[in-house]
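Engineer: Next come the chains, spelled out residue by residue.
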Amino acid sequence: MRISCPYCGTRDVAEFTYQGDATITRPDPASTDQNTWNAFVYDRANPAGKHSELWQHSGGCRTHLVVERDTVTHVITSVAFAGAKRKPVSAAAPKRKAPARKAATRGKAPS
Amino acid sequence: MVGNLKAEGAYVVYIGMRSVRVGGPALCRADGNMAEYSAFALLRNALSGNRDWKQAWRKPEPKPSYDVIVIGGGGHGLATAYYLAAEHGISNVAVLERGWLGSGNIGRNTTIVRSNYLLPQSTRFYEFSMKLWENLSHELNYNVMFSQRGILNLAHSPAQADDYIRRGNAMRLSGGDAEWLSAEEIGRKVPGVDVSGSARFPVVGGLLQPRAGTARHDAVAWGYARGADRRGVDIIENCEVTGFLRDGDRIVGVTTTRGEIRAAKTAVAVAGSTGRVMKLAGVDKLPIESHVLQAFVTESLKPFVDMVVTWGAGHLYMSQSDKGGLVFGGNIDGYNSYAQRGNLPIVEEVMSEMVAMFPSVARVRLLRSWGGVMDMSMDGSPIITTGPLPGMYLNCGWCYGGFKATPASGFSFAWTIARDEPHQINAPYTLDRFHRGVIIDEKGQGATPRLH
Ligand SMILES: Cc1cc2nc3c(=O)[nH]c(=O)nc-3n(C[C@H](O)[C@H](O)[C@H](O)COP(=O)(O)OP(=O)(O)OC[C@H]3O[C@@H](n4cnc5c(N)ncnc54)[C@H](O)[C@@H]3O)c2cc1C
Ligand SMILES: [Zn+2]
Chain A
1030 MRISCPYCGT RDVAEFTYQG DATITRPDPA STDQNTWNAF VYDRANPAGK HSELWQHSGG
1090 CRTHLVVERD TVTHVITSVA FAGAKRKPVS AAAPKRKAPA RKAATRGKAP S
Chain B
4 MVGNLKAEGA YVVYIGMRSV RVGGPALCRA DGNMAEYSAF ALLRNALSGN RDWKQAWRKP
64 EPKPSYDVIV IGGGGHGLAT AYYLAAEHGI SNVAVLERGW LGSGNIGRNT TIVRSNYLLP
124 QSTRFYEFSM KLWENLSHEL NYNVMFSQRG ILNLAHSPAQ ADDYIRRGNA MRLSGGDAEW
184 LSAEEIGRKV PGVDVSGSAR FPVVGGLLQP RAGTARHDAV AWGYARGADR RGVDIIENCE
244 VTGFLRDGDR IVGVTTTRGE IRAAKTAVAV AGSTGRVMKL AGVDKLPIES HVLQAFVTES
304 LKPFVDMVVT WGAGHLYMSQ SDKGGLVFGG NIDGYNSYAQ RGNLPIVEEV MSEMVAMFPS
364 VARVRLLRSW GGVMDMSMDG SPIITTGPLP GMYLNCGWCY GGFKATPASG FSFAWTIARD
424 EPHQINAPYT LDRFHRGVII DEKGQGATPR LH
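Chains as they are written, first to last, in the working numbering: chain A, 1030 to 1140; chain B, 4 to 455.
For the record, the hints were derived by calculation from the structure and aren't laboratory data. Possibly wrong hints are sitting among the right ones.
To be verified - Distance condition first, Cα-Cα at most 27 Å in a straight line; then the derived DSS-like pairs of lysine-lysine:
id, chain 1, residue 1, chain 2, residue 2
1, A, 1079, B, 305
2, B, 62, B, 192
3, B, 192, B, 66
4, A, 1079, B, 192
5, B, 446, B, 288
6, B, 326, B, 305
What the hints assert, rightly or not - Listed next, with one range per pair, are the computed distances between beta-carbon atoms:
id, chain 1, residue 1, chain 2, residue 2, range
7, A, 1067, B, 306, 45 to 53 Å
8, A, 1056, B, 371, 27 to 35 Å
9, B, 91, A, 1035, 43 to 51 Å
As the list claims (entries may be wrong) - Stretch-level coverage of chain A by chain B, calculated; a stretch enters the list once three of its residues show a Cβ under 8 Å from a Cβ in chain B:
id, segment
10, 1054 to 1061
11, 1092 to 1104
Glycine included, C-beta positions come from ideal geometry on N, C-alpha and C.
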């Protein structure tokens, strides 16, 4: 399996760290609802087929990526920067999200 | 702390008593009407040209309905059916298997059987399993080739040694067996291991569980299948469950590639396919991720190592099969997968670990490698429970340690199905433990299935 990092190009999967299902969203930190937190921490759809998942290019540019991959065939259909896809979790987040991501990506050019 | 450990000591008596009870009737069964395989039978059949052996299990057509349907003809499904019939007198049972018996993980594992766990729930459950293993060939009248050759966990730092010794003490306090070996003793017992100070990862000692070992995995499936079949259970191969029949909320049977089959109770034991099958029942999310684990076998060598050895500087476990091949594996690949094959980085990692542990095997050739789909749970422990829907029973979350659990899993799942309540050994393994915060996390790894 190889993953095409949008920043570094196509690399061996050994350079990446898996971080699981990308569709779960962290509940509002102020929430005290047990069901919501339980679902976030433990419940997974675990589909056989198309799976949207987080990988970090930990052995490269260190960017977090959202990868669309088929869990039955291992075929990857898309790779994108995680920041571009993540939904804001609170009102404060969107203001700094997009610019911060871009700056971080540029700042981390590999030597 | 000491008080706690002492309290767990009570399980010793408990496990001991159970095993006597479980072992007792089994002995009679095997000696009585079940001794189909014996030296005498071997001789008699040899003289008659081996034409009279009975098929180990029939190939029945599915009936329209049963008392219990068990989905999944792996080790756990077959053991469940066996104990339903043998322990609870429930023999109007069908085991529905998508492929052939042994096509799943029961036929793909590295066959290690051990009970060297730390947490009381785990030691209790796996020690119970160990006791069943010790009598299994006899109970089933089928040689599962259970070989108690011992398992040795190598420690590579004083901190790791402390950790292993703590686990060894926990095992002993709960009635198991554990011994600490020095590096010199290890050098004598396992001559292939580099115990010199100049090893890349020096060995400081090791934890030995002498009663651990290996078993012939296919024989476990076949032995349980035959035992269940002879008691009236229908084992139906090439019968994939494609949906569930409902009466309101209640599950009342299944649709399959061989037609509709109804049952008062439907039990799911499909290991790596749990996510797929439970979705058919409308259960969309579970604390489970399916991951692929690979295993490897080398060409045959002369006797080289006579116990199971695990390497603590990374993650590697190996033993030598009776045929002479080294059987070994390491970490799971580490991403969600329903493919029974993995990728090369893990192959490289496992090979490099093997050579770090046994430098002399560097030029031994690899014969085969394969993968199996693991039902990795969020705390690394299994789920054996009633529900989650009325009329349904669920057995899953085995990660890559479910082979050793086969007897206890089948025994306690059968109990749960027959009585609609858990046996004492599986009572902690509920589905709602995550919700209630009583997870059983041996490694303390948290909700990261790929690390359990
Ligand atoms: C490479 C590898 C090494 C391992 N090493 C060890 C080890 O050393 N020690 C240890 O203790 N454990 C080990 N394990 C884990 C152990 O093999 C499993 O945890 C255990 O076998 C799972 O239970 P099972 O035998 O019932 O599973 P399986 O044999 O996988 O049974 C599940 C069955 O369900 C069937 N099924 C699925 N979907 C359907 C459907 N829709 N309808 C009908 N049937 C269906 C499948 O075909 C399959 O036969 C290893 C696993 C692997 C893959
Ligand atoms: Zn990159």
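Engineer: Does each hint fit the structure? Answer for all of them.
Structural biologist: Each hint, compared with the structure:
1. A:1079 to B:305: Not satisfied, since the Cα-Cα distance of roughly 46 Å exceeds 27 Å.
2. B:62 to B:192: violated (47 Å)
3. B:192 to B:66: At roughly 54 Å apart (the allowed maximum being 27 Å), residue 66 of chain B and residue 192 of chain B break the hint.
4. A:1079 to B:192: violated (49 Å)
5. B:446 to B:288: Within the cut-off at roughly 24 Å; holds.
6. B:326 to B:305: holds (9 Å)
7. A:1067 to B:306: 45 to 53 Å: The hinted range 45 to 53 Å holds for residue 1067 of chain A and residue 306 of chain B, with Cβ atoms some 51 Å apart.
8. A:1056 to B:371: 27 to 35 Å: Check failed, 46 Å falls outside 27 to 35 Å.
9. B:91 to A:1035: 43 to 51 Å: Since residue 91 of chain B and residue 1035 of chain A have Cβ atoms about 58 Å apart, the given range 43 to 51 Å is violated.
10. 1054 to 1061: Since three or more residues must qualify, the claim that chain B covers the segment 1054 to 1061 of chain A is violated, with 0 doing so at under 8 Å.
11. 1092 to 1104: Per the Cβ count (5), the hint holds.
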